[in-house]
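Chains Z and E, in that order, give the protein sequences.
In terms of this note's numbering, the first sequence opens at residue 1 and continues consecutively.
In terms of this note's numbering, the second sequence opens at residue 1001 and continues consecutively.
Derived from the structure by calculation, the hints contain no laboratory data.
Mixed in with the good hints, there may be bad ones.
[Stated by the list, open to error] Taking beta-carbon pairs under 7 Å as the criterion, some of the chain E residues facing chain Z (in silico):
(1) Val-1053
(2) Ala-1057
(3) Ala-1110
(4) Phe-1141
(5) Phe-1197
(6) Phe-1265
(7) Arg-1275
[Claimed, not checked] Cut-off 30 Å, straight-line C-alpha distance, at most; resulting in silico cross-link-like pairs (DSSO-like, lysine-lysine):
(8) E:Lys-1023 - E:Lys-1035
(9) E:Lys-1201 - E:Lys-1023
(10) E:Lys-1016 - E:Lys-1035
(11) E:Lys-1131 - E:Lys-1016
(12) E:Lys-1059 - Z:Lys-13
(13) Z:Lys-13 - E:Lys-1016
Only a predicted model underlies this, so the values are computations on that prediction, with no experimental measurement involved.
Backbone N, C-alpha and C fix where the C-beta goes; we use that ideal spot for every residue, glycine too.
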Amino acid sequence: MATMEVAIVGVEKRLWSGEASFVSARTVDGDIGLLPGHQPMIAALDEAGVVRIDPSEGESFHAAVFGGFLSVTAESVTILAELAEMAEEIDVASARDELQRAEGGGDDFDDAAAAAARARARLRAAGESPDR
Amino acid sequence: MAASLRVLRRRIRSTKNIAQITKAMEMVAASRIVKAQNRVHAARPYSDEFTHVLKTAAKAGASDHPLLVAREEPGRTGVLVVTSDRGLCGGYNANVLREAERLMRELNSAGKEPQLFVIGGKGTAYFRFRKRDMAGQWTGFSEVPDYPNATRAADTMTACFLAGSAETVQGESEDEQQGSSDGSGEGGEGASRSSSFVPPKEAEGLDGVDELHVVYTAFNSLSSQRVTSSQIAPLELEEDDESSDGESDGSGSGDSQERQAEYEFEPEPEVLFDRLMPKYLRARVFAALLDAAASESAARQRAMKAATDNANDLVDNLTREANQARQAQITQEISEIVGGANALAE
Chain Z
1 MATMEVAIVG VEKRLWSGEA SFVSARTVDG DIGLLPGHQP MIAALDEAGV VRIDPSEGES
61 FHAAVFGGFL SVTAESVTIL AELAEMAEEI DVASARDELQ RAEGGGDDFD DAAAAAARAR
121 ARLRAAGESP DR
Chain E
1001 MAASLRVLRR RIRSTKNIAQ ITKAMEMVAA SRIVKAQNRV HAARPYSDEF THVLKTAAKA
1061 GASDHPLLVA REEPGRTGVL VVTSDRGLCG GYNANVLREA ERLMRELNSA GKEPQLFVIG
1121 GKGTAYFRFR KRDMAGQWTG FSEVPDYPNA TRAADTMTAC FLAGSAETVQ GESEDEQQGS
1181 SDGSGEGGEG ASRSSSFVPP KEAEGLDGVD ELHVVYTAFN SLSSQRVTSS QIAPLELEED
1241 DESSDGESDG SGSGDSQERQ AEYEFEPEPE VLFDRLMPKY LRARVFAALL DAAASESAAR
1301 QRAMKAATDN ANDLVDNLTR EANQARQAQI TQEISEIVGG ANALAE
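Let the sequences and hints guide you as you build the complete structure.
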């Protein structure tokens, strides 16, 4: 099966890179699935979203990506994010706390909404349901 | 004679204390370098990839967004100077400031009025003492900068850059009053697409600029750091005119193919680049801060090593002098005793 070079690059470090056969992400305009040989593209991702990667070897995994965008060429997909967390790094309990606090509402509606969105993305990436 | 011996001993003691302190600082700096160096290397892919993506997009003729296309007749120009908060790091700050002065002279003679943004206590002190206006100053993180620090500085400059030299930065409009500009830069405006960038409070009322430059110390290796000034906005495209030079963006991989390929943008280029621009400047500023932090520690380590060595030399010399004085004192005492005994014997 054809593969492509995929990298998730955070501001502080490269989180993951390797060969993969499929990448799915949510852009500001909607979900997108990328296979090798995709048309070159630059797309802004949701402020807080989840990326799924199917590496050519091993299990597919998720990562929570904040303030990111992706750049696609025929052979590669690069996801650049201001903050990114791999699913296994995510602390589910604290994300849940955060979500609860954010939904409880702060003084600043926008801040609370953004915090809630971030917490939801974390939970989704970790394979938990945000709405329990 | 006894007095001078005591003075010498006191000097030896205090010099040893100084050597101890500088030695400690040297070791702290040395351990900082390793950490800072790792951060520089870890963070490099992001800023490199980002620059690569934008350059590719710009070459594909995607957009005439202000970030990508140089403005005609640039007027005011923003200069970000990255210095350290603390001294005791040799010529580190002096070199940066000298380069900053050179750049500003150059800009002045090109008819661009420089507008200063300064990071680090030493730089702000330098310009304040000379009564030069600073549009922005940030201190307190030069040794261990983190991304929110870079965000604060970068967002202020982004706001100025977006305003352009004919304007000043406007405050947030009414309906955006709630929008967060807390500088954390990771979330913020959620799904709002039209204006994903809210100028920070501290940028309000500042004069706009047409170009942004940054002066910092690039960290090449432990033994080599170089003061660098580079333009971060608009993007410098080396082959604007000659379209054959594919190597100039540093990576050069499949570049010619990429340029021919039709790029898709989502959302449309104007909106996309509006979103990417603040992130891009944050990335560049953050990279500069990390480089500067590593260079600062390297400079401090070298300076402190030299200080320790000098202090040890001084201790050696003083010890020799003290020994001489002690010998002389003993000799004198002996001759006094002998003289006294002789006098009694007679």
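Hint-by-hint comparison with the structure:
1. Val-1053: This interface hint holds because 4 Å falls under the 7 Å limit.
2. Ala-1057: 6 Å, holds
3. Ala-1110: 33 Å, violated
4. Phe-1141: This interface hint is violated because 15 Å lies over the 7 Å limit.
5. Phe-1197: Because about 12 Å separates E:Phe-1197 from the closest Cβ in chain Z, which is outside the 7 Å limit, the hint is violated.
6. Phe-1265: 6 Å, holds
7. Arg-1275: 5 Å, holds
8. E:Lys-1023 - E:Lys-1035: Holds. E:Lys-1023 to E:Lys-1035 sits at ~19 Å (cutoff 30 Å).
9. E:Lys-1201 - E:Lys-1023: This hinted pair is violated, its Cα atoms lying about 43 Å apart.
10. E:Lys-1016 - E:Lys-1035: 29 Å, holds
11. E:Lys-1131 - E:Lys-1016: Roughly 40 Å separates the two Cα atoms, so the pair is violated.
12. E:Lys-1059 - Z:Lys-13: 27 Å, holds
13. Z:Lys-13 - E:Lys-1016: 42 Å, violated
The structure fails hints 3, 4, 5, 9, 11 and 13 (numbered hints given earlier, in ascending order).
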